[in-house]
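In the order they appear, the protein sequences are chains A and B.
Under the numbering used here, the residues of the first sequence are numbered 1 to 272, in order.
Under the numbering used here, the residues of the second sequence are numbered 1001 to 1262, in order.
Take these hints with a grain of salt, some might be off.
Derived lysine-lysine pairs resembling DSSO-like cross-links, with alpha carbons at most 27 Å apart [to be verified]: (1) K1228(B) with K5(A); (2) K1039(B) with K117(A); (3) K1039(B) with K54(A); (4) K1224(B) with K221(A); (5) K1046(B) with K221(A); (6) K117(A) with K1224(B); (7) K164(A) with K1046(B); (8) K5(A) with K1009(B); (9) K6(A) with K1176(B); (10) K1225(B) with K164(A); (11) K1039(B) with K1176(B); (12) K186(A) with K1228(B); (13) K221(A) with K1009(B); (14) K1046(B) with K1228(B); (15) K167(A) with K1126(B); (16) K1225(B) with K1046(B); (17) K117(A) with K1225(B); (18) K1176(B) with K1153(B); (19) K1039(B) with K221(A); (20) K54(A) with K35(A); (21) K1126(B) with K35(A); (22) K167(A) with K1039(B).
Because the hints were derived from the structure by calculation, they are not lab data.
Here the structure is a predicted model, which is why all the values come from computation and not from measurement.
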Amino acid sequence: MSNGKKLLACPYVIWSAVFIIIPLCMVFYYGLTDKSGAFTMANIAAIATAEHAKALWLSILLSLISTVICFLLAYPLAMILCNLNVNQHSFIVLVFILPMWMNFLLRTLAWQTLLEKTGVINNILGFLHLPTLNIINTPYAIILGMVYNFLPFMVLPLYNVLVKIDKNVINAARDLGANSIQTFFKVILPLSVPGIISGITMVFVPALTTFVISTLLGGSKILLIGNVIEQEFTQTGNWNLGSGLSIVLMLFIIINMVATAIFDKEGTGTAL
Amino acid sequence: MKAKTTLQKLYISLIFLFLYAPIATLMVLSFNASRTRAKWGGFTIKWYISLFDNSAILQALYNTMLIALLSAFFATVIGTIACISISAMKRRNRAILMGITNIPMLNAEIVTGISLMLLFITLGVKFGFITILLSHITFNIPFVILSVMPRMKQLNPSVYEAALDLGASHIYAFFKVVFPDILPGVLSGFLMAFTMSLDDFIITHFTKGPGVDTLSTKIYTEVKKGIKPEMYSLSTIIFVTVLILLFLVNMSPEGKKKKEHK
Chain A
1 MSNGKKLLAC PYVIWSAVFI IIPLCMVFYY GLTDKSGAFT MANIAAIATA
51 EHAKALWLSI LLSLISTVIC FLLAYPLAMI LCNLNVNQHS FIVLVFILPM
101 WMNFLLRTLA WQTLLEKTGV INNILGFLHL PTLNIINTPY AIILGMVYNF
151 LPFMVLPLYN VLVKIDKNVI NAARDLGANS IQTFFKVILP LSVPGIISGI
201 TMVFVPALTT FVISTLLGGS KILLIGNVIE QEFTQTGNWN LGSGLSIVLM
251 LFIIINMVAT AIFDKEGTGT AL
Chain B
1001 MKAKTTLQKL YISLIFLFLY APIATLMVLS FNASRTRAKW GGFTIKWYIS
1051 LFDNSAILQA LYNTMLIALL SAFFATVIGT IACISISAMK RRNRAILMGI
1101 TNIPMLNAEI VTGISLMLLF ITLGVKFGFI TILLSHITFN IPFVILSVMP
1151 RMKQLNPSVY EAALDLGASH IYAFFKVVFP DILPGVLSGF LMAFTMSLDD
1201 FIITHFTKGP GVDTLSTKIY TEVKKGIKPE MYSLSTIIFV TVLILLFLVN
1251 MSPEGKKKKE HK
């Protein structure tokens, strides 16, 4: 009986070995060898060259800013959604998943139309006699694109933990004389840490590694580390260098994963 | 108190404006008579008509839908079967397998994309429909597992054993007793996988071959030349269709009953 059940895992174990583990090993193999197949650290050291280091630094900076903005926007939103008494988990999830049915590239491109010098937003601002906004093709537009695309990934985990907090715990804190600010910092915030961690991961990793948002909203002049890697694979054809830079990128993701593992010991995955 | 709720409603509305403004923009653009995005040239429905003559877009739509459907289906089957087994595993094995499951979720899509690209190159697989499909199944399985697993944990194992004691075969007991209980998780996993596959660009970008396009990759190649307005009308049709379907599901008597039940 239990042997039969164990065998059921076979398709998935084989699948993940072939399509997850082996491909990752190949990234390491290519990243640590040169074109002739000899071992080298040059591809990883290449991150230190001015061009690559600048791209990596800009990626880290923009993704950190986007993550902070997402968190600041999402936390109050998640709290309001919890208090709405909608009591319909699926509906709230749906509202944030629904935009995905319109293609992600098109949605991001639509921001071009909205942000352009003579675009919709500037027309409205002009009508109100406010100064115009010229952020298209600047890092600010990239941040906006990141926040726009990844905000749902911050809202959903936060909402999932906040909705599970026992109302009695909050009432108890209030009964014991805590004001609403104390209740928030001493009770609600600590209890929502798993959601915060998971939200940060879900926003930071895709923002750090994107090459699409910078291509669409940053003009062609701003290079993020994602753009550099993408070019190595699809244009220059230097897979070894591209893999080497990917390994550097993965270091940041691993740091993130370790942090997640420490805070989310249950392994429940609050992401969904 | 009242001012507070008004403020809250205002905040939610602003966020929703932010999330849905680009979608509204695309819908408006689909009725724009001018070919460029920058200028409003009057109302027209001609892009909706010419859409059906644009075989390249229709082929990309067909590919996208077929890949989404097949990858979601295979991911659901493999993922659900894996869940049955994982839930019966010892703690350590379970932790290892769930850790592996988390890799595609936590890893950067660009790394997943290039790693699969390197795999297919090494194995000498011809890039095309099959490579996209295999890649989509790979990144979809974790979504299924993470949505079925919580349901699996809630199951009472005695029910399954009782069914066996009463003479049911393993397969019969599974479909009669276990499956109905995990079905909501399976369905939401399928839907999630379908949506993710539909919206994917990055992994498809690295694993597609010449001549095979999904809507995403087609849009990406059109970005520099200028997006064909038919793309806007197609997206509008897809979005409105999904919206109506969801509305009907939520409004149907069955949907209402479910809500009350919850």
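Consistency of the hints with the structure:
{"no.": "1", "hint": "K1228(B) with K5(A)", "verdict": "violated (51 Å)"}
{"no.": "2", "hint": "K1039(B) with K117(A)", "verdict": "holds (12 Å)"}
{"no.": "3", "hint": "K1039(B) with K54(A)", "verdict": "violated (36 Å)"}
{"no.": "4", "hint": "K1224(B) with K221(A)", "verdict": "holds (14 Å)"}
{"no.": "5", "hint": "K1046(B) with K221(A)", "verdict": "violated (36 Å)"}
{"no.": "6", "hint": "K117(A) with K1224(B)", "verdict": "holds (19 Å)"}
{"no.": "7", "hint": "K164(A) with K1046(B)", "verdict": "violated (50 Å)"}
{"no.": "8", "hint": "K5(A) with K1009(B)", "verdict": "violated (50 Å)"}
{"no.": "9", "hint": "K6(A) with K1176(B)", "verdict": "holds (21 Å)"}
{"no.": "10", "hint": "K1225(B) with K164(A)", "verdict": "violated (49 Å)"}
{"no.": "11", "hint": "K1039(B) with K1176(B)", "verdict": "violated (59 Å)"}
{"no.": "12", "hint": "K186(A) with K1228(B)", "verdict": "violated (54 Å)"}
{"no.": "13", "hint": "K221(A) with K1009(B)", "verdict": "violated (40 Å)"}
{"no.": "14", "hint": "K1046(B) with K1228(B)", "verdict": "holds (12 Å)"}
{"no.": "15", "hint": "K167(A) with K1126(B)", "verdict": "violated (56 Å)"}
{"no.": "16", "hint": "K1225(B) with K1046(B)", "verdict": "holds (20 Å)"}
{"no.": "17", "hint": "K117(A) with K1225(B)", "verdict": "holds (20 Å)"}
{"no.": "18", "hint": "K1176(B) with K1153(B)", "verdict": "holds (18 Å)"}
{"no.": "19", "hint": "K1039(B) with K221(A)", "verdict": "holds (25 Å)"}
{"no.": "20", "hint": "K54(A) with K35(A)", "verdict": "holds (25 Å)"}
{"no.": "21", "hint": "K1126(B) with K35(A)", "verdict": "holds (22 Å)"}
{"no.": "22", "hint": "K167(A) with K1039(B)", "verdict": "violated (52 Å)"}
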